[in-house]
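Chemist: Sequences listed follow chains A and B, in order. In terms of my numbering, the first sequence opens at residue 1 and continues consecutively. In terms of my numbering, the second sequence opens at residue 1 and continues consecutively.
Don't read these hints as lab results, they were simulated from the structure. Wrong hints could be hidden among the right ones.
As the list makes no split between identical chains, a pair holds if one copy fits it or if it spans any two.
Listed below are the simulated DSSO-like cross-link pairs for lysine-lysine, each with C-alpha atoms no more than 27 Å apart in a straight line [what the hints assert, rightly or not]:
1. K335 <-> K246
2. K223 <-> K330
3. K342 <-> K262
4. K335 <-> K256
2 protein chains.
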Amino acid sequence: MLRELVEFLRIPSVSTLPAHDADCRRAAEWVAAELRRLGCREVAFLASDVHPVVWGVGPDVPGAPTLLIYGHYDVQPPDPLGEWVTPPFEPTVRDGKLFARGSADDKGQVFCLLRAIAAAGRPPVNLRFLIEGEEEYGSRVLFDLLRREPERTRADAVLIADMAYVAPRWPAVYTALRGLCYAEISVRTAQSDLHSGEFGGAAPNAHEELVRLLGRLKRPDGKINIPGLYAAVKRPSRAELAAWRKLPFREADFLKQRVRAKRLTGLKGHSVLERLWALPTFEIHGIMGGFTSDGAKTVIPAAATAKVSLRLVPNQKLKTVERQLAAAVKRLAPKYVSASVKFMHGADPAQVRITHPAFRLLDQAFREVVGRGTVPVRAGGSIPVVPALGRSGAPVILTGIGLPDDRLHAPNEKLDLKQLWDGINVFRRFYELLGRGNADARS
Amino acid sequence: MLRELVEFLRIPSVSTLPAHDADCRRAAEWVAAELRRLGCREVAFLASDVHPVVWGVGPDVPGAPTLLIYGHYDVQPPDPLGEWVTPPFEPTVRDGKLFARGSADDKGQVFCLLRAIAAAGRPPVNLRFLIEGEEEYGSRVLFDLLRREPERTRADAVLIADMAYVAPRWPAVYTALRGLCYAEISVRTAQSDLHSGEFGGAAPNAHEELVRLLGRLKRPDGKINIPGLYAAVKRPSRAELAAWRKLPFREADFLKQRVRAKRLTGLKGHSVLERLWALPTFEIHGIMGGFTSDGAKTVIPAAATAKVSLRLVPNQKLKTVERQLAAAVKRLAPKYVSASVKFMHGADPAQVRITHPAFRLLDQAFREVVGRGTVPVRAGGSIPVVPALGRSGAPVILTGIGLPDDRLHAPNEKLDLKQLWDGINVFRRFYELLGRGNADARS
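My request is simple: use the sequences and hints to build the entire structure.
Modeler: As structure tokens, then:
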């Protein structure tokens, strides 16, 4: 079974890099072949030739509830390559952990959900599958598809395993995800690059202007300096904040073992979990322009661009934040600088009520297999398409078999194999419980 | 003749990029072949196999003065490539101008000096040549050579044509050059890159810290915020400032035709020429780290590096400025950020007294050929090795045939062919005047 997962992980399906388009297509074909093996009576590539959404319809089980399984076969770029102990697309087991880009986010978890079906024999549920290839790039293709064909999400429940336990041996179910606003901020100060000997002292420098602008967009105390940004932010309830304080989360361990920095940063007066789960962020991802090759070039850059993103929280709206960021950039740039913002992709934040009976069944499955039920938490990350998947009214069950130290999006991403084997048993049991004709589980 | 220059310019001898080492060697060989054609009794590659200094000794002319000709065969990197109308290493004539990287800085001018020798027949001067291949990268090889073998600079005068007229039809002689301090400022905030969903709001971001640090190193009003930096700066004399006001320099034209920006920037209370020639600068050239490929990656970078440089003016010292920059970076970085400065290359500023009789002869040559003598000015750029070339006491004649709009170090660098043909006649005449046994011209 491990060999088959390794084969899936070997495919460098980096959706955000056009050079990997063919690899994304190969990963989609791998998923389609799996679905056929599971007896799906319909398997189709939808909406895109490059990053197709893999659609599957399992065997018909009259009278049984319908479960829609969502996942993604695309992965984040692997750089910086130099920091991987073993190459990102040569999956390697060390100390019971499988190291590879996509091992936890999300190929390994998709694999877990699918193998749990095989393990259950043919589980007594009507299965639907939407396994997409653009989750790391904004899910545009799937968004468009669901707008045109909302009936694809008609189900009694939606299951997503793209998350992690909140701590080892503490399975979790997620009540909220942050949204995302990914943008490029560009400045131009002159028509072309200039020689710093000839012009230095009198000519504007695009990098200097960009750096000053970015420095003003977020204050040293962590406050994002975008007018109106915090207006829609809904603070978690007292009960929720109190529950978070009881979680097995120690700030010192988080700093030392996971962030591995000298200090945590962020907005004062809020706990770490609140900063991670319930407050917006502004991050600079990279800065382009000027001279960045080896060696030295004494150029005054005429243009510079920063890749940045904000994470959004309930009840912020992507469209509003885009307007606010564009206005802030315009306001902060001096008159002699042409500044612009290009929006790359994004997602509204998501909130999920966990009152539906299916959540009780998942809790039971974890309790039986792992020895502890699911604790409700939030996530700092984003799965752009979650709100759209829940639009038909079906509960979206956000859970997963990852661990907090899986290093998603970073070098040396990994999946603990024990989590994988446990996970297969958990979801096998969940499918069985759901299909046992539990009337509550049907809408 | 043009065809031969084109052949020289075709060689992409970018000294700062290791990928072009073989090209640098080819350019050195081109120069050596030229020197042999001029009858040099000694031609040698000195000090480096990769970027050799080409040394030449012309025919012996007993009793005649000795002139050392300095130039460089290396060029700046050509990026951004997309902004060149024709490719940088496919020299093209348009409208009487030869467009190519190195056409003005400095291959075209080296060509001019050498062809003027041929044009003079065998001029009655003892010629020495030091044509180096690391001028754009700090001249380290030549520095070391001159420290070991200072006798190479023994001459009655040193001639450098790496400069420009101060305006069309206004030949110039240069009394000062700015120095250079090229460095990489690096910050590290964590052991490896982190996922902005998982960690955003609580983890430090290397780009954010670098951007804030760079923003503090120079204030919006142009003042460089490095303690002690301005202490050694010697203001130009009243007479010099008054002379600059009489030069054919119009701020509005400089902005519109050359800088091509919306506004000039820089330290208030100083004229543009003072800012360009007599004040230090701080420029950001590029920023590395994080994610800068196509597409989107939601990473919190753990490390970031900026390429920066300062131009230095009399009487600043490179070593002192390096210490000051390192101290300022250390002081400005928060405690939880590891910040460091790596010094890449540099040069002390240079000052030249123009009282030696050879300057009069150059003035006369320009007057005869171009119709106007040389006006004394300064330059904002740097030729790192100038102080070392003058250490034996010989006057360093800094002049050239470029024009202010040649776009050195930038896309679409060019040389006006009229300037080249005039220049050949000017230097031919200068060699003749110098060699006419003018006793004053000998030390």
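Chemist: If a hint holds in the structure, say so; if it doesn't, say that too.
Modeler: Outcome of the hint check:
no. : hint          : verdict
1   : K335 <-> K246 : neither (51 Å within a copy, 31 Å between copies)
2   : K223 <-> K330 : both (19 Å within a copy, 24 Å between copies)
3   : K342 <-> K262 : between (34 Å within a copy, 22 Å between copies)
4   : K335 <-> K256 : between (44 Å within a copy, 16 Å between copies)
Comparing the model with each numbered hint stated earlier shows that hint 1 is the single one that does not hold.
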